[in-house]
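Student: Note that the protein sequences, when read in sequence, are chains A, B and C. To convert, note that position 354 of the first sequence is 394 in the numbering used here; the numbers rise steadily by one, no gaps. To convert, note that position 131 of the second sequence is 179 in the numbering used here; the numbers rise steadily by one, no gaps. To convert, note that position 58 of the third sequence is 61 in the numbering used here; the numbers rise steadily by one, no gaps.
Everything labelled a hint here was simulated from the structure, so no lab data went into it. Using N, Cα and C, we set each Cβ at its ideal position, and we do this for glycine too. Check each hint, because a few of them may be wrong.
[Unchecked claim] Covered, in the sense of this in silico footprint (three residues per stretch, anywhere, with C-beta under 8 Å from a C-beta of chain A), are these stretches of chain C:
hint : region
1    : 78–89
2    : 121–131
[Unchecked claim] Some chain A residues well away from chain C (every beta-carbon gap over 12 Å; in silico):
hint : residue
3    : 52
4    : 55
5    : 61
6    : 68
7    : 73
8    : 215
9    : 330
10   : 335
11   : 384
12   : 393
Residue-level listing of the chains:
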Amino acid sequence: MAENDNLGNLLARRGISRRTFLKFCTALASSMALSPSMVPAMAESLAKAKRQSVIWLSFQECTGCTESLTRSSQPSIESLIFDFISLDYHHTLQAASGFQAEEAREQAMAEHKGKYLLIVDGSIPVAENGVYSTIAGMTNLQMLEDAAKGAMAIVAVGTCAAYGGLPKARPNPTGAVSVTDLIDDKPIINIPGCPPIGEVITGVLAHFLTFGAIPELDTVGRPKAFYGETIHDRCYRRTFYDQGLFAETFDDEGARKGWCLYKLGCKGPVTYNSCATTKWNQETSFPIESGHGCIGCSQPDFWDMGGIYEAVSEPLTDLRGPAVTAVVAGAAAGVAVAAMNKQSKQSAKDRHFKVSSETLDEELKK
Amino acid sequence: MDTALLIWAKSTGLQWATIIMLLGLTMRVIQILLLGRATDLSEARNSDVMSAGIKTIFRRFVPPQGMLQKGLLVYLSGYIFHIGFFIVLLFFVPHIQLIDSTLGISWPGLRSSLIDAITVVTLLALIVLLLHRVWNPVLKLLSTPEDYLTWALTFLPLLTGYMAYHHMLFEYNTMLALHVLSVEALMIAIPFSKLSHMVTLFLARWYNGAIAGRKGVQS
Amino acid sequence: MTRLQDIPVNTEITGLDAECNMVDAVLHELKQLLDAYLSSGETGVIDIKSMPLSATDYDSLKQRLGNGEISATASLAGDTEIYETALSGVWWVVHRNIDDRVLAEQLEVGRIPAILCAHDDDIRVARERL
Ligand code: SF4
């Protein structure tokens, strides 16, 4: 594809009509809660969009995010958008390997300086100068810092890149951190999830390609269009929660009747994501629909939010031990203070002596 | 959305609040008990001093004659807020879940919408009591900063809980963290303020009842 | 032979005082969009899919808008169904993907829905092919 080719031409070559493209933009706008009146303009600008260079760096990760992305369910046109971007480096998807692969990355970074989109999945270990994860002899830390310099914007895909994720779970032996922990001079979009929903990744990327700008983000850098509400707020089991009907085990009457999974550890109330509406696997279902509580994977530090099967309101540490110690210590302190009180009372008593009028007279005479 | 704050509140914060509250309370109760009382050399007119004391503990839950009419609003708000507070504390399912996980005991909860309504009523009762405190000139004169502080410490857990449930002001996680923190503030204050009446009231009432009982009168 | 349900029915729109608020809100917005179109020629769209319509609201909205004279199906990587409601200039548009999943559902106000118009770029391609 020629360097200054635009998406409209690619569409024409693929035999995809502009009507179809308009339809795609309509669907995209609807899923991102954008005003439908913007769609025609959006379609026009997207059609004129130039080929976007993308560099995808994978650090401490499990490739689940890439798996999710490649299984995104609206293949026809979104995959086309991905044909249209120039994925200049992605060490799982690219054909090149070894030295050639690294060279491609450096070349893309030089050629599209200031214009490429940097996508990161996986956290970055910084302990011991980042030696815990290296690619081609280069630490992840170094590679991110280099690549971030020339990036127009950064997309942190997955909870690891966005917030540190599993590698950052206590005690975090590799000193894993998120992209935002290291880079503060570039716009960063976080698309957390373990993994994130494929359609959410593609939706956010399509939004970026269309407008050349990042969508509206919440306080932890997530696009509000997809992370604006908690799972709990859009959960179809919510009426059971409100009525106080809970499954107590995974195979009791309540579980069979589809009651709320709060007591079984559902983290839906504290998790912002769109699983309940966008769903997974071609809109088949989402975890709660399959009978398992939400594990809260799109939240910062979700691995340290207590056991998967512990309710949101349960404390994260043992309270019984400290409580017993506190009572014993309190009793001891009470006894000690009482003893002190008694002592001072006693000494007051000891200093006590009888005063008669004669003694007072003598005192006065002095 | 401060997950870190929530995690801290649910672990370290909760742990310390529990320790301080229990340590403080046991210390104060033991201290009071060991204080002892001067031996009463007179002959007891009623031998069942113990049950006289216990009766008083309960009798004092009922306002003395005439008082209810005099201070209807205060009595009513007082009851409503105490009862409401305990219902919300003990019958909201997430709270029961917390108790179950630490003490291993549980009981059926109430539906959230009911808890929600009770919370509103409780908050209103507390507001009425605050207004009474500032509007009544005598009470205002008698009030110390501690009175306002303890009012706020009681009010905040209810308010933050309500706001978290309704997604007001902050995102749920932050509000939930604030809710837990406000409860911890309350817990820490209990032993060292007039809030300790939640334990000492029983001692005081019992003692009053026992003295009166010894003298053969009802208290 | 056409079956009974295939014959379009013109449902009367009975003012804006119905029982469902959501439906009222949509009808009210339609009124404004029609006003805007009549005064300036500006077209408008309402996104139905992102509205919190209950199934009953949805049915009652459909019923109250009724069916008009035109309906069309466009094959655009999955079917798109378009029909004019009993209100001239108010179009009901449903976009589906290949798996028949609804991607977007809209009410469009204007002479003709944008999706039906051929794009100049496509026309240019057509010319080249001749
Ligand atoms: S299953 Fe989870 S998300 Fe659904 S209502 Fe219950 S607690 Fe909320």
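Student: It remains to establish, for every hint, whether it holds in the given structure.
Tutor: Each hint tested on the structure:
| no. | hint | in the structure |
| --- | --- | --- |
| 1 | 78–89 | holds (count 4) |
| 2 | 121–131 | holds (count 5) |
| 3 | 52 | violated, 5 Å |
| 4 | 55 | violated, 9 Å |
| 5 | 61 | violated, 8 Å |
| 6 | 68 | violated, 9 Å |
| 7 | 73 | violated, 6 Å |
| 8 | 215 | holds, 42 Å |
| 9 | 330 | holds, 19 Å |
| 10 | 335 | holds, 26 Å |
| 11 | 384 | holds, 71 Å |
| 12 | 393 | holds, 87 Å |
In this structure, the hints that do not hold are numbers 3, 4, 5, 6, 7, in rising order.
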